[in-house]
Every structure is written in C-alpha cells, then in structure tokens.
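Student: My numbering puts the sequence shown at residues 1 to 676.
It cannot be assumed that every hint is accurate.
Derived pair list, reagent style SDA-like, types lysine to any residue, alpha-carbon separation capped at 20 Å [what the hints assert, rightly or not]:
id : residue 1 : residue 2
1  : Lys341    : Ser397
2  : Lys328    : Ser361
3  : Lys341    : Pro194
4  : Lys328    : Ser357
5  : Lys328    : Val391
6  : Lys572    : Thr431
7  : Lys341    : Asp395
8  : Lys328    : Asp286
9  : Lys341    : Asn363
10 : Lys341    : Ile396
11 : Lys328    : Leu387
12 : Lys328    : Thr344
13 : Lys328    : Ser366
14 : Lys328    : Gln398
15 : Lys328    : Ala389
16 : Lys328    : Asn363
17 : Lys572    : Gly583
18 : Lys328    : Ala95
19 : Lys341    : Ile586
20 : Lys341    : Gly420
21 : Lys572    : Asn513
22 : Lys328    : Thr403
23 : Lys341    : Tyr329
24 : Lys328    : Glu173
25 : Lys572    : Asp582
26 : Lys328    : Ala267
27 : Lys328    : Ser175
28 : Lys572    : Ile586
Because the hints were derived from the structure by calculation, they are not lab data.
Bear in mind the structure is a predicted one, so any value in this text is a computation, not a measurement.
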Amino acid sequence: MPRTHRRAVAVRTSIRTHIEPLETRRLLCSLHTPVDNPIELRPDLVGARASAVADPADIVWTNRGTATAAGAGDTDLFGARFGTSAPLARAVVDAVIVAFERMVGSFNYSSAGVTYSMSLSMGAAGGGFGASAGISTTFGGKPKSGTVTMGAGSNTANANDDNGWFLDPTPFESSEFLGNIVNAFSGDAQAGSPAAGRGDFYTVVAAEMTHCMGMSSFNPPGWAPRVTNTNIPDTAEGGGVGTFYVFNGPSIKHLLTSNNGGAGGSARATAVHGAGPNVAVNFNGDTYFGAQDHGNAIYEFSRRYNVNKVFSLMYKDAFDYATVHPDKYGTFYSVLNQTTKLVTVRGGTGTNNDTISITRSGNTVSVSVDPTVDVAGTGELPGAGNLPAWVTEYDISQISSITIDGGAGNDTITIAADIGVPISINGGTGTDTITVTEASAAAPVTLINSTGNDTVNVNIDDIGVAEVRFSSTMTLGALNIGNGGFANMLANGSRVLVTNSISVNGSGKLDLNNNDMIVDYTGASALPLVQQLIQVARTGGAWVGAGITSSSARNASPANTTLGVIEATDFKSVYGAAATFDGQTIDDSAVLVKYIYYGDVDFSGVVDFDDYSRVDAGFSGNTTGWFNGDVDLNGVVDFDDYSLIDQAFNTQIVALRPVQAAKPLALKLPRGSKLV
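Generate coordinates for the entire structure from the input sequences, incorporating the hints supplied.
Tutor: As structure tokens, then:
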C-alpha cells in the first residue's frame, strides 16, 4: 500500500529552482507477476569465473515493438497503451537499458558472444503505476534473461497520451529533476517541471531491471552467499513486514530487505529490495542504513531514481560483472541539459562543506563534487561515513556552459583548467574558497554575488593566465590575484566590490572599469597598498600596468577620469559619521576607491569649488594623497595635478555616481577669471 506521509522539502538557496511537493510513496512491485525458478542454461559453468570473457554488456530488448497502435508490430503492447506516444515510451526504456549496460560494463559470461535478453511489455489497461519483474534464465549462475511487465498508468481517454506517466523526451539526462537532491542518484522535480506530480516511467523501468540484473527472490548462486538475514523487522519502509538483510562483499556492505510491496506487502524468503532510509540497523559490529534508490519496493511521484553506485558494487561482488561507477555518466550533483548543453553543478543538501572541482584533459571535462556529509547508504560503506567524490565526465562537445551553485556551507570550489566554456559560480551561503587557475577571456569564469564572505583566488599558482568576472556587486572576504590573473568587474557604473583584503602580484590585474571598491581592512591601513596598486596600473594615464586598473578610464575621451582612493574617515569628515558609500555601510577602517573625475577629491561626483579649495590647501601645506589633491598619486601635489583637474573641470558632463543628490556642474571659466 502507498505510504501516507510526505517527505520534507526545502529550497536551499535563493537561485535554486523551487521544488514540487512529492506525492506519497507508491508500490513498485505491485503487479505480482512472479517469474520463479529460472532455467539454468549452462549449469556446468556455474562459478567458472576464471574463464570469464570480457565482452561489453549487451542487453537486447527482444520483444521491442514498432507500432503506434494495437496490432501487428505491437509486440510490446506499447502501441496499445500509448498510441502515438509509444515511440517516446520505448525511447525511455532504451535509455534505461543503456544506463545498465554502462553500469554493468561486462557480464563476464564464461563464453564469448553471450547477450542478455529482456522481454519488457505493458500490462493491462488501467493497471496503475507499478510493475513487476523477474529473472527467466541464467548462464553459468549469472542472469541471462528477464521479464518486465509495466503498469499501464491511468488509462486516460486519449489513446495517444502518456496515461499519466512522465515519459521523458530527453531520457539520457535528468534536467527535469533539478529540485531537492535526495542523494547522488535520486532527485526531485522542480516546480514547473513536466515531471512534477507524475510517476517517472524511467524510474520504474530502472527499478524492475534491477531485479532482472540479479536481485531476485530466486536468490542466484552468486547473490545468495553474500546476503544474511538479520531477523530484524523492516521498519524503514516495510512497516514491520519482512526483515532486514545485509549484503557483505569485498567491495561493499549494504542494507537490504525481504519486504515486497511496502507496509501492506509481503515478505519474501530472501533479500529482494534495497532497504529504505533513516533506520539504523546494528549487525555484526556494523551500523547499516538503507537509502532511497532504484532498488526500493516503493517510490514517489515527482522523483527520479538513476542507476546507482551501490548496485554496481553489489553486482560486481555477487556476479563478477566488470562494473563501472555510474557517477561517471551523471549524478544529481552534476546534471546535463542536452537541449541547452548547460551543466548544472550543485553542492550537497543542507549545510554541507562541499569540495567542487572542474578540470579538463583533452576533450574530457571532469566535474567532481565531494560533500563533507554524504548520504548514508549510498556508497560502499554500510551506513554513514565519508565517501569518495562523485566524478562525472563529459565530452566537451556535449556542453556549452556550466553553472555551479555551492549551496549552504563553507565550500571549496576550484576551476583547475581552461575548460573552454563559460562558467558561472554562486558560492551560496557560508564562507567559500573559490580558486580559478586557468580560464580564458573566450571562456571566462563569472562570479555571482553570494551572502558569504568568500575568498576568491585568481591564478595564484602564477602559471598561465586566468580571468574571473564579477557581474554584480560583490562582497568578499579576500581577493588574491596572482601573476597572469585578471579579475574584471564588468562595466556598469553602479556596482561596488567589497572585500576585507586584496593582493595583486606580478602581472595580475583587477579592472574596476567604471565601478567602485571598498577594502574593509583590519589592523594597519590598506591605503598605501591600494594607492600603489592604482598608481602602478595608471602608468602616467595610459592605464596599461598591472595592479588595480580601469578600462573605462583608459578608453575615456577626453581622458578626464581615473580611480580615486581615500580613507573612510576622510569621506565621513565631509559627509558625516553615518554616511554610506554606494549604499554600503562603512566603518572607520575602510579604504574607498571610486571611478571619478580627476580632481573630485571629496568624491561628490563632480569637480567644483570645494575640490579646488582642498587641492590648494594640499599644495600650500605640502601634503599628499587623493583627498589633498594628489590625483596622479605620485606623492606630491604639483602642476601635473592641476592640469588634470582643470581638464576634468572643463570637460565634465554629468555627475559620476554622486554620493548624495547630484551637485550642479560648476560654470566653466578659465583659471584666474572672476564673475562680475
């Protein structure tokens, strides 16, 4: 019977898609079409692993039909149940078969050229959203063929629709399930997804093929020695019906159950399903947990279960399959949208200190996600513990862009190669460390503002070049730019870069364009460092040096703009102790950098009488610094400063991001003239 509770759902970060509420859990093995006592085709080869032949796994859907209506060619009854939607449903089955072929790698049968034969058909009209399956024959003790009967859904009036199933039009990816991450191989549909509120045909086909590949009430000879009855009632998803079993092999320990059909189901004589989550089972010195996966007896609408690592390891240990970890082809931490070619990379659920890295070798792009807190029961460990990173590989031709959402927690995100496609990163909440060691202008890494004080490192290995772009106002804990590194705050005129510290080494550059910056330092003032970085980058007005630069100033015509830099205390001496800068609250230990006209020493947005008064006082008092009129930052107020100020005064057109209500531009008169 279906479970009556709903699973908790939450939105993890502001940019994540909203999650569709889940339906109640539903039966998987509900059609009760058992296939008992499969025929052993080669009993003489049972256990003959030494003679295994590593042919690539080949699963043949023997009764696959072609028709889109009942009758000739509808050998699988898909035409009768789905009409013109039958090709779409068959394509989903094809994708599941490929997923299992990839995971199995090779059945390692004892003879060459042996294939696995599968008969998969639709059941009676209106048969619901469950299914049943079993092993038909074995070959040397290994499953050789199987039978699956799929529920026909809700039997809608439209003979050509999906009967309430979600028939995925792109079944080789899971972009319709970008809501809550249940675990690496289980994810929920986001709000608005066509999968929301529907039973996923892919999930149920995968669940039944799990039996056909070896987990069966038949208890195949390779499987039986690995499973042990704990005699502890299944209270995870069985409602006390059936008992927990443990699988114990050289590669994995995992919790199973003899429950078939959930709380209202029956108990089989051996392990026939993966156990559900959240119940600790102590047995022989280990604490086991189950998980939500394609081996369970029940499932939810709005959720997908992909072929997972747990079963690849159990099949390997039980049947000597040459299995491949399925995360190579995708997880819910790394999801490809085949239509847009966007790869969405996400961190673990909740507050999780993820380690995320993206690398490239040749044409292979590798995405690695390693949550600090792994979901119990989803890897080789019997229960909770630290699992290896989940690593997915893509050919570069498959992708056109990558988006990374770290979520909550203190994440470590690394782009360790010029990937060749644009990448955007949102660290989410928490204090993250984001390191980009190679990225080109043609395929830049763009950072989206997050709520944590992240540390951003750009090419700090000083090898090659790397570019990071800021596309919005940013608040950082630190910005470190190495030799060959380039941080670019894209021109906008209304953005501000806020950081607690900054370092720029070698040929590294920070380009503020026409934006501003706050260095909210602790301890000794950062003003001398920031002044030096601007002065070196300015190169006499050419703006071609390393340091803190401005492409907007370099390209200005006339060349009347620059980057001004003052202490927050000087700024407040003009505008008051409660003054804000670009809408940002500032304390007394901050350095302010503003894209500005030469000579606008008080940061008002225009050059006016007040500025000339300060410059004159600086000249007479032999003081220095932007606030006193040293607008070229060469350490002295002199003729060059006055020349720059006069040019800006006479060519300014509009106020540049005024601190308060814009002052009217002063009447332009030659120096020394008077109004009469």
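Student: Okay, which hints does this one fail, numbers in order?
Tutor: The structure conflicts with hints 6, 8, 19, 21 and 26, although it agrees with all the remaining ones.
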